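K.L.:
One line per chain: the protein sequences are A and B, in this order. Under this note's numbering, the letters of the first sequence match residues 1 to 202, in that order. Under this note's numbering, the letters of the second sequence match residues 1001 to 1222, in that order.
Just so you know, the hints here were simulated from the structure itself, not pulled from any lab data. All values reported here derive from a predicted model rather than from experimental measurement. Take the hints with a grain of salt, since some may be wrong.
To be verified - Below, computed lysine-lysine pairings styled on DSBU-like, alpha-carbon distance capped at 35 Å: (1) B/Lys1048 / A/Lys200; (2) B/Lys1118 / A/Lys108; (3) B/Lys1149 / B/Lys1048; (4) A/Lys68 / A/Lys170; (5) B/Lys1193 / A/Lys97; (6) A/Lys148 / A/Lys196.
As the list claims (entries may be wrong) - Derived contacts from chain B toward chain A, CB cut-off under 8 Å, selection only: (7) Ser1065; (8) Leu1070; (9) Glu1074; (10) Asn1075; (11) Tyr1095; (12) Pro1098; (13) Phe1099; (14) Tyr1101; (15) Asn1160; (16) Glu1196; (17) Thr1202.
Think of the CB as a built atom: it goes at the ideal place given N, C-alpha and C, for glycine as much as any other residue.
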Amino acid sequence: MRFLINSICLLLLIGCKSYPKRNGFEPTESRLMKIENPYFSDARQDYVYKATINAFDQRLGGLLIIKKIGLEHHRVVFTTEMGNTIFDFTLQGSDFKVNQILKEIDRKIVLDLFRKDFEILIKEQAPVTKSFTDGSDLVLELNSRHKKHYYFYVDNQLKKIARTGNGNEKVSFLFSGIKGNIAREIRIDHSNIDLKIALKAL
Amino acid sequence: MLKTVPYRPSRTSKEIKIFWISLLFILALTQITAQTKMSPPEATALRKEVKNRAEATTTITSDFSQYKHLDFLENDIESKGKLAFKAPDLVRWEYIEPFDYSVLFKDQTLYINDDGNKSNLDVGSSKIFKQLNQLITASIRGDMFDESKFFIEYFKKGGNSLVYFLPKDNQLSEIIKAFHLTFNDKAEVIGVKMIEPSDDYTKIEFANRKVNESISDAVFNQ
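Excised from the complex, chain A in its bound form (with noise of 0.2 Å):
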C-alpha cells in the first residue's frame, strides 16, 4: 500500500514537472522583455503562401493570404488555387471576426482551433513571463489565453514557437528558410489532434 501511495506520488511529481523543466532549461536573466515575432510585422508586403491543411484523413491545398492592416490587426484568407474563398477572418487585438467561411467547415470548434493558431502565428509582441536557456539557445515564456507558449531564439531568430498544457508540448510552430524579416517554410502541427499545417512562401 504505501509502495502504491509513494508511486501515485511520484508519478504526479513527474506529472507536473514544468515544459522547461522537462526538456532540460535553466531560468537565465534576459534583457529581452518581450517575445518578438517579425514574420507578418510588414504592413506593405502581401505574405501569400502555398498552403496544405492536413485535418483528419483529408487533404486540403489552397493560398493562404495574410496581411497586416495595422496595429495589431491582420487579415487572414484561405482560397483554392483556383480564387475560390474558403474562409476570411480579421484578427484585430482580442477581437475575431469571420469575414466568410464556405459552410461545410463553418464549426465552433474548427474556429476556435484556426483563431488560436492564427493568434500566435501573427502575435509580433507579448511581454515576457520567464526566460530560459538550454546551455546556448534563449527560450522566452508567454503566457496567452491561459496557456504558456514557448518561443525559441536561434542566433536571434526566431525557430520555433512551442504551445503547452500541463507540461506537454500541444501545439509547435515552425519557421524555417528565413531570409530577412520573412519565414519561406512554416509548420504548424498538433500533436493532441490530427491537424497539421504546412505553408510555402510563393
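We have chain A; now place chain B onto it with these hints.
P.N.:
Just chain B now, kept in the frame of chain A:
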C-alpha cells in the same frame, strides 16, 4: 468715351478651347471602349454563334494567366498555367507558376495533383466546388447560356462581347456573385472573371488558344 479693344483670345479662352478638345477626344475614346447593352437580336446572334462554335470544337489547348484580386492586398496574386480540353468532358487545368498543381476532370471525378501529392478527395469533392469547377470548364467553351441557372446580361465592349452570368442557385450565389465572360469577334472566350459577394475577384485571361488540334490521351492520365 468708350474705348474699343481689339479681340485677342486670352489665355483663359485658349485653355477652355484645349479643355473642349480634350473632352471631345475623351468622349470619342470612351465611345470606342464603352460598354453598351446589346439588343435582343444581337444577344441571340451571339448565343447562336457561341453554341455553333462549341459544337464544332473537339479539342482546345490554351495558356492562361490568373489574377486573384483582394482589395486589401498591394498586388494581385498572379499565377500561370495551361489547359487542355477534349470533347465531351475531359479537362486538364494545370498551374505551372508559381506552383505545380493540376486538376483533371474525368468520369465525373476530380483528380488533383498537388506538387506530386495525388488525391481526389480535395475541396473539389465538395458539391459546391465541383459545381463551380464544372462552370469554370464550361466557360472555357463559353457555352453556359442556361437561363434556368443564370440571370444573363449582354454587352458590347470595344469589338468584344461581354456577358454577365448571375447565379440563380442560392448556394452558388453565396460564393459567386457573378461570372463575366469576354468573347472575341470569333465568339471565343478570351477572359473569365469570377466575382465574389465581397467584390473581390479572380480574373483569368486566355492566350495561345489552339482549337481542334489532336491531343494525346496521355495528357488526361492521372
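K.L.:
Are the hints correct? Go through all of them and say.
P.N.:
Verification of the hints:
no. : hint                  : in the structure
1   : B/Lys1048 / A/Lys200  : violated (46 Å)
2   : B/Lys1118 / A/Lys108  : holds (30 Å)
3   : B/Lys1149 / B/Lys1048 : holds (18 Å)
4   : A/Lys68 / A/Lys170    : holds (27 Å)
5   : B/Lys1193 / A/Lys97   : holds (27 Å)
6   : A/Lys148 / A/Lys196   : holds (20 Å)
7   : Ser1065               : violated (12 Å)
8   : Leu1070               : holds (6 Å)
9   : Glu1074               : holds (5 Å)
10  : Asn1075               : holds (6 Å)
11  : Tyr1095               : holds (6 Å)
12  : Pro1098               : holds (5 Å)
13  : Phe1099               : holds (5 Å)
14  : Tyr1101               : holds (5 Å)
15  : Asn1160               : violated (22 Å)
16  : Glu1196               : holds (6 Å)
17  : Thr1202               : holds (3 Å)
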